[in-house]
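K.L.:
For the record, the sequence lines run as chains U and H. Following the numbering used here, the numbering of the first sequence begins with 1 at its first residue and continues without gaps. Following the numbering used here, the numbering of the second sequence begins with 1 at its first residue and continues without gaps.
Don't take every hint at face value.
Covered, in the sense of this in silico footprint (three residues per stretch, anywhere, with C-beta under 8 Å from a C-beta of chain H), are these stretches of chain U [to be verified]:
id, stretch
1, 85-95
2, 106-116
Below, a list of computed lysine-lysine pairs in the DSS-like style, where the Cα atoms sit at most 30 Å apart [to be verified]:
id, chain 1, residue 1, chain 2, residue 2
3, H, Lys64, U, Lys209
4, H, Lys25, H, Lys224
5, U, Lys113, H, Lys64
6, U, Lys113, U, Lys209
7, H, Lys52, U, Lys209
8, H, Lys52, H, Lys64
9, U, Lys209, H, Lys57
Just so you have them, the derived chain H footprint on chain U, three or more residues with Cβ under 8 Å [unchecked claim]:
id, stretch
10, 17-25
11, 54-67
12, 134-143
No lab work stands behind these hints, which were simulated from the structure alone. All values reported here derive from a predicted model rather than from experimental measurement. Note that the Cβ used here is the ideal one computed from N, Cα and C, for glycine as well.
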Amino acid sequence: MEWISYLGPLWQGAWVTIQLTLYSTVLGALLSFAAGIGKRSSIWPLRILSAVYVEVFRGTSLLVQLFWLYFALPLAGNAIGIDLRLDPVVAGVLALGLNIGAYGAEVVRGGLKSVSQQQLEAAQALNFTPRQTLWRISLPQAIPEMLPAFGNLAVQNLKDTALVSLISLGDLAFRAEQVRNFTQDSATVYTLVLLMYFGMALVLAGMIKLLEMSVGRWRTVSR
Amino acid sequence: MLFAIAWDASSSWSLAVSILPILLKGLWVTLQATVVGFLLAMAFGLVLAGLKSVPLKIVRWPAKLVSEFLRDTPLLVQLFFLYYVLPDYGLLLPAFMTGALALGLQYSAYMSEVYRGGLEAVGSGQREAARALNLTPVRTFTHIVLPQAVPRIIPASGNYLVSIMKDVPVLSVVTVLELFGVARIIGDRTFNYLVPLSMVGALYLILTILAAWAVRTLDQRLPKHGIALR
């Protein structure tokens, strides 16, 4: 029954993983909407900025982004005389949020695009401002469409948090490595950790399902 | 390979120029890992998709559970599991193969869904028509269902090929000297992470933009009604 003694440190790590997932998912959601709406903006610098952000963060690897923010950014800051050294937690949340936000932006863009053209024309005919159309017509209809894809991204983000262990943040993957080094009991430690990640993913997916049901409850036509 | 090559760290530009050949060698390893991982994912995914469609619940449910499990747990932890646990059971693989195996396992779950989606997209009317024409189930599958499923499977697989490429840097933690691993070592030696890491980012950006273009072109070129497999 040695494995019970592993649960203490692993639980500590799991708690850090949960917090990281929460913060970076919230950051990612904000960035998703900013860039997703920005990509459809009528102001061209906003469109370009959103498109560049999405391409760069979807086009490069998360691990590269994480290491760039943590190891390379301070050097870049040094060159221009600003202190850009980031705390591992900040670098981790920033990298995860920026990465998942770029994927989410495409989801938001797709969701907004799925709102039928007649709805927008009707809004224009009723003299809605573009802002009113977005807030009162487009987004309420688009958000239920986006949620299943957002759910997948949230689980993806939970899995990705394991990478922050590589910049010495004490998350679940990091604690697993520590316990393994200490006990050399690789099979037990990593089986436990895989099951813990699986459990967290199932809970997260269940929460998104509940959210989907509550957001979509007003829709009478089920598809 | 890193010991034999010298670099010129006198300025950022000279460093960038002098490490480019080493980074390209790393890039070659990245591409190899991507291809091997993808081939494994295609093979394992096919097995998983087959098992998930068996009518027997006692086969289907465990297959679904395994697929969910592979998809919902981090690649990094799966990789560590394989890297540390397989040798305990007498299976000593080179780091590169362990990494490719981890990529293959993680993405087999995604690939099994790609196969399933492709096959399900073929309308049931097609199967019924084949049956009405007295085609055997095997002929129906090879001549009716598969040719129509393949054009849907190829673009989706292409997207996962790109995802695998973006996950290869994780392999550097088990000492695989792929692009990112090489850049990290150069950073450790020169104390200049900015140049090598930015170059890795730029190389990845070029590759993914090219790959996205290739997938899009392929998608447009593929005949929408199906490919004759003869």
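K.L.:
All the hints need checking, so say for each whether the structure fits it.
P.N.:
Structure-based check of all given hints:
no., hint, verdict
1, 85-95, "violated (count 0)"
2, 106-116, "violated (count 0)"
3, H:Lys64 - U:Lys209, "holds, 19 Å"
4, H:Lys25 - H:Lys224, "violated, 39 Å"
5, U:Lys113 - H:Lys64, "violated, 33 Å"
6, U:Lys113 - U:Lys209, "holds, 23 Å"
7, H:Lys52 - U:Lys209, "holds, 23 Å"
8, H:Lys52 - H:Lys64, "holds, 6 Å"
9, U:Lys209 - H:Lys57, "holds, 25 Å"
10, 17-25, "violated (count 0)"
11, 54-67, "holds (count 11)"
12, 134-143, "violated (count 0)"
Comparing the model with each earlier hint shows violations of hints 1, 2, 4, 5, 10, 12; every other hint is respected.
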